[in-house]
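S.K.: If you read the protein sequences in the order shown, they are chains A and B. Counting from 0, one number per residue, gives the positions in the first sequence under numbering that gives the first Met the number 0. Counting from 0, one number per residue, gives the positions in the second sequence under numbering that gives the first Met the number 0.
If you're looking for bench data, these hints aren't it; they were derived computationally from the structure. We put the beta carbon where it would ideally sit given N, CA and C, even for glycine. Any given hint could be a false lead.
[Stated by the list, open to error] Partial list, derived from the structure: chain B residues whose beta carbon lies under 7 Å from chain A:
(1) K39
(2) E98
(3) A100
(4) V151
(5) I168
(6) V229
(7) V281
(8) R458
(9) C459
(10) P462
(11) S466
(12) S511
(13) R512
(14) G514
(15) A515
[To be verified] Computed spacing ranges between beta-carbons, pair by pair:
(16) B:Q349 x A:S97: 22 to 30 Å
(17) A:P28 x B:C459: 22 to 30 Å
(18) B:A634 x A:R137: 27 to 35 Å
(19) B:E451 x A:P28: 43 to 51 Å
(20) B:I3 x A:H98: 43 to 51 Å
(21) A:Q175 x B:G187: 50 to 58 Å
(22) B:K25 x A:Q175: 56 to 64 Å
(23) B:T439 x A:F240: 52 to 60 Å
(24) A:P28 x B:A573: 33 to 41 Å
(25) B:G112 x A:D179: 44 to 52 Å
(26) A:L248 x B:L654: 38 to 46 Å
[What the hints assert, rightly or not] Covered by chain A, per the in silico footprint, the following chain B stretches (three or more residues, Cβ under 8 Å):
(27) 65-77
(28) 253-266
(29) 344-352
(30) 646-653
The residues making up each chain are set out below.
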Amino acid sequence: MISIFRRPASSPPPRRLTLDILRYNPAEPERAPTLQAFTIDEAEGMTLFIALNEIRAHQDPSLQFDFVCRAGICGSCAMLVDGRPALACRTLTRDLNSHITLAPLPFFELIGDLSVNTGQWMRGTAERLQTWIHAVDRVSIDEIEAPMAPELAEAIYELDRCIECGCCIAACGTAQMRPDFVGAVGLNKIARFRLDPRDQRSDEDFYELIGDDSGVFGCMSLLGCHDVCPKQLSLQTQIAFLRRKMARLGFD
Amino acid sequence: MQIIHSDVLIIGGGLAGLRAGLAARKRGQEVIILSLVPPKRSHSAAAQGGMQASLANSTRGSGDNEDVHFEDTVRGSDWGNDQIVARMFAHTAPKAVRELAAWGVPWNRVQAGDHTAIIDGQPVTISESTTAHGLITARDFGGTKKWRTCYVSDGTGHAMLYAVSDQSIAAGIPVHERMEAVSLIHDGSRCHGAIVRNLMTGELVAYVARATCIATGGFGRIYQSTTNAVINEGIGAAIALETGIVPLANMEAVQFHPTAIFPAGILVTEGCRGDGGLLRDVDGHRFMPDYEPEKKELASRDVVSRRMEAHIQSGKGVRNRFGEHLWLDITLLGEQHINGKLREVKEICQHFLGIDPSRQWIPVRPAQHYSMGGIRTTPDGAVYGLQGLFSCGEAACWDLHGFNRLGGNSVAETVVSGMIVGEAIADFCASPAGELTVSTALIRDCGRQAAEEFSAIARCSGPENASQLLRDMQQTMSQQVGIVRHGDALQSAVDTLKSLILRSRQIGLRCSRPGANPELLLAWRVRKMLKLALCVADGALQRTESRGAHFRSDHPQRNDADWLKRTLAYWPDAEQTRPTLRYEALDVLRMELPPGWRGYGARDAIDHPDTSRRQAEVDALRQQLASADRNTRQAALLAFRHHLPAHLRGDNARLGEAP
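For reference, chain A alone in the conformation it holds in the complex (with noise of 0.2 Å):
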């Protein structure tokens, strides 16, 4: 019935897989970065988490990279898969070339190897946007809850799925450019609270927060971050539709 459990009757020998790594330890300052060559035979339903493992508990002990939830979830393992930002813990090596290259996400403060600090932006992105309701009434926690359309509690769900894996930031132009650019991962958390009407911020404090060149006048339009953000979140649609409004409101 599942097709990956369908096997010939006689399976061919697994691949050899080569992964070039990008080796950079900045406790070590004097050892330049290097790609390191590491081959593993392949295993069915090998993921590239269960292929770091593999060459950290066999090969080289002191390869950093960074997992936690290994099930595409909590956006710890973002890295350039062959140059392109993927979450690693569920990225099948079966889907790629035999020859494998990973390099930490760009952007970010490295840590060490394929680890980075996306933690630490993130948080002061937060701060930056205030990524939290702002509710000028108090709310008794006895009393029955307000009521919410239930398309609109989806609505707000579908934009809060994002993990903060860094993806898009990686993928960006503008980041490239402009180390201040909050990026798409800011701008659908800007979406995120105006279409919540619990947060009562209006759109004149989110221009305050958004309204210039860091924020979503920065954006090119490149939607690199479209193209890779793992969980397909709308960005392209959530970054026009924030511009169009912002941008009236610069006009007023």
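Chain A is already provided as a structure; the job is to place chain B on it using the hints.
M.R.: Frame of chain A; chain B shown alone:
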């Protein structure tokens, strides 16, 4: 060594730690949170299906209240939990959901009118009232009498974690990321903070605080097959154990989730079965009704997992090259439902199995999922043995779950216990006992000891390999301390683990790289994980009964007469190779719901001598107060509200319930 001061140090940046930190911060305490990873990447994000709270908004939840939630939780625990805690929890859970709603969690809402649900394999039309339209809805989960599990599609934990994390950012609480607490600073009676290792640089820092709270989650990674994230290694519990004074309770109570995808062990939510999904065997036969005619696929997790393993043992498993599994069939729910309410499940199936679950069955087999046991605390979250130390969430044995946790009760516990324990922490800081009186010499000594521990590992050139020891431990635990246990296998597991502990003192490193050194870290951690594994295995070996998730094929009955007690595991001497076990009795005479049959699973328990007496008392009280309102009746049976912070004591409003 650098010393950082704060009023409150929270170790762990998941939902429990964040929520406790927020509570303390709102009371004016200065809070620092330590986290292994950026907090939004915590394992809380993996809670998919939902959070139990008796809002009773939807038609199938109608009639629900704290009493029903309490009873479901106690039955689920197989009477192993603390009923006071279960009461505090059931009472606070609706408040927690409503607070989260105000913080922006996009809970799925009731849609007025008719909709079709799949119940027991059949489409059923359910009609929702217009008065409930737009209120928070709920889905069905195992072991519950009502549809009580509030949800956000199947990304509930993610939505909750982001909302609470953003609240902690709004409150200006600093989170020190990629920091791992490696030992507690204590003088044998009072905890003063922790020695902490920077995972990026390897540097040790002392964090000194008036109150310290461990909220580091579970320890599933001592098992080979687990749904847990790779960071769930239980180090928070281990450093508490290593004080020699703090006990870990009920470590043998380990939950196996029925539906982990096979063989990767990644969770697919109980919501699949709650929404109508079925379990099938090699013949495509739906087998759960054969075993559990009442609750079928929706008996509690311990029961379903055990039935699945038994069914595989009876020759009905599906064989593939990795071993045997069963099928989870959600095709009957339809593509639209799956795309809307089970989309993470769909993504997981696509990416890891290459299948479309709206057309194909999902290969599943039970895997380790949750640690009911942990750092033993009082109902306030104060840790046994050390003043100034608190714990909450999965890391703690607050004892909400006893020997089996209901689905949807753990993500609920994280925020509820955070709300309660955070207040207790603030109370402690405001009390005379909360004054900081630590000597710099003690901090220095603790720091020196921790540094010495790491350098001894780095210096050792022994023959052992840390990843090999880790694998051996994980294999032993999965094979011999799993779903079905037996005295012989448990004895063999204890022997194996003891020898692994000895070998773990002879680990030689291959890499001496400065800064973050993953090999050094693993060598250090595996020694701690082995101690936890021994607490689990030895606790399981000694407990000669079956209760909840702890099932002994050589002692298949629940034995209230001898085992209605909590295991407390201590590790007083660093050189010992197995824990010192003590026991803490549960008092039947104070139970609101005396032990009985759970409503599913076996019904052959050996009674406690006090059970019939307490049951008679409870029956008499209920009769006497038959005309009183349910809250008065409940208070006469088991008063609990005084344990809650004043602002959490109020009644919960519900549709159709008189205020």
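S.K.: Does each hint hold? Answer for all of them.
M.R.: Results for each hint:
1. With 7 Å as the threshold, the beta carbon of K39 of chain B comes within range of chain A, its nearest partner Cβ sitting at about 6 Å, so the hint holds.
2. Checking E98 of chain B against chain A by beta carbon gives a least distance of about 5 Å; that is within 7 Å, so the hint holds.
3. The criterion of a C-beta within 7 Å of any C-beta in chain A is met by A100 of chain B, whose closest approach is roughly 5 Å, and the hint holds.
4. Satisfaction of the interface hint for V151 of chain B is found here, the shortest Cβ-Cβ separation to chain A being roughly 6 Å, below the 7 Å cut-off.
5. With a least beta-carbon distance of about 5 Å to chain A, the hint placing I168 of chain B at the interface is held under the 7 Å criterion.
6. About 5 Å separates the beta-carbon of V229 of chain B from the nearest beta-carbon of chain A, less than 7 Å, and the hint is met.
7. At about 11 Å, the closest approach between the beta carbon of V281 of chain B and any beta carbon in chain A exceeds 7 Å, and the interface hint on this residue is violated.
8. Because the closest C-beta pair between R458 of chain B and chain A is about 16 Å apart, greater than 7 Å, the hint is violated.
9. Hint status for C459 of chain B: violated, given a least beta-carbon distance of 14 Å to chain A, over 7 Å.
10. The closest approach between the C-beta of P462 of chain B and any C-beta of chain A is roughly 15 Å, which is over the 7 Å cut-off, so the hint fails.
11. Annotation: S466 of chain B was flagged as interfacial toward chain A, and the flag holds, the nearest CB pair being 4 Å apart, inside 7 Å.
12. Interface restraint check: S511 of chain B against chain A, minimum CB-CB distance 9 Å, threshold 7 Å, status violated.
13. At its closest, the beta carbon of R512 of chain B sits 5 Å from a beta carbon of chain A; the interface hint therefore holds under the 7 Å criterion.
14. Annotation: interface hint on G514 of chain B holds; nearest CB of chain A at approximately 3 Å, less than 7 Å.
15. Residue-level restraint check for A515 of chain B holds (minimum Cβ-Cβ distance to chain A is 6 Å; threshold 7 Å).
16. Between Q349 of chain B and S97 of chain A the beta carbons are some 23 Å apart, a value that agrees with the proposed interval 22 to 30 Å.
17. Roughly 28 Å separates the CB atoms of P28 of chain A and C459 of chain B, a value that falls within the hinted 22 to 30 Å.
18. In this structure the supplied range 27 to 35 Å holds for A634 of chain B paired with R137 of chain A, their Cβ-Cβ distance being about 28 Å.
19. Range check, E451 of chain B to P28 of chain A: about 28 Å between beta-carbon atoms, so the 43 to 51 Å window is missed.
20. Between I3 of chain B and H98 of chain A the Cβ separation comes to about 46 Å, which falls inside the hinted range of 43 to 51 Å.
21. For the pair Q175 of chain A and G187 of chain B, the supplied restraint of 50 to 58 Å holds, since their beta-carbon distance comes to about 56 Å.
22. At roughly 41 Å, the beta carbons of K25 of chain B and Q175 of chain A sit outside the given window of 56 to 64 Å.
23. At roughly 57 Å, the beta-carbon separation of T439 of chain B and F240 of chain A lies within the given 52 to 60 Å, and the hint holds.
24. Checking the proposed 33 to 41 Å range against P28 of chain A and A573 of chain B shows it holds: the Cβ atoms sit about 38 Å from each other.
25. In this structure the supplied range 44 to 52 Å holds for G112 of chain B paired with D179 of chain A, their Cβ-Cβ distance being about 49 Å.
26. Between L248 of chain A and L654 of chain B the beta carbons are some 40 Å apart, a value that agrees with the proposed interval 38 to 46 Å.
27. Here's how the stretch 65-77 of chain B fares: 0 of its residues keep a CB closer than 8 Å to some CB of chain A, so the rule of at least three is not met and the hint is violated.
28. A count of 4 residues in the stretch 253-266 of chain B with a Cβ less than 8 Å from any Cβ of chain A is obtained; the coverage claim is therefore met, three being the minimum.
29. A stretch counts as covered by a chain when three or more of its residues have a beta carbon under 8 Å from one of that chain; for the stretch 344-352 of chain B and chain A the count is 5, and the coverage holds.
30. For a cut-off of 8 Å, the count of residues in the stretch 646-653 of chain B with a CB near a CB of chain A stands at 5, and the three-residue condition holds.
The structure does not agree with the numbered hints 7, 8, 9, 10, 12, 19, 22, 27 stated previously, though it agrees with the rest.
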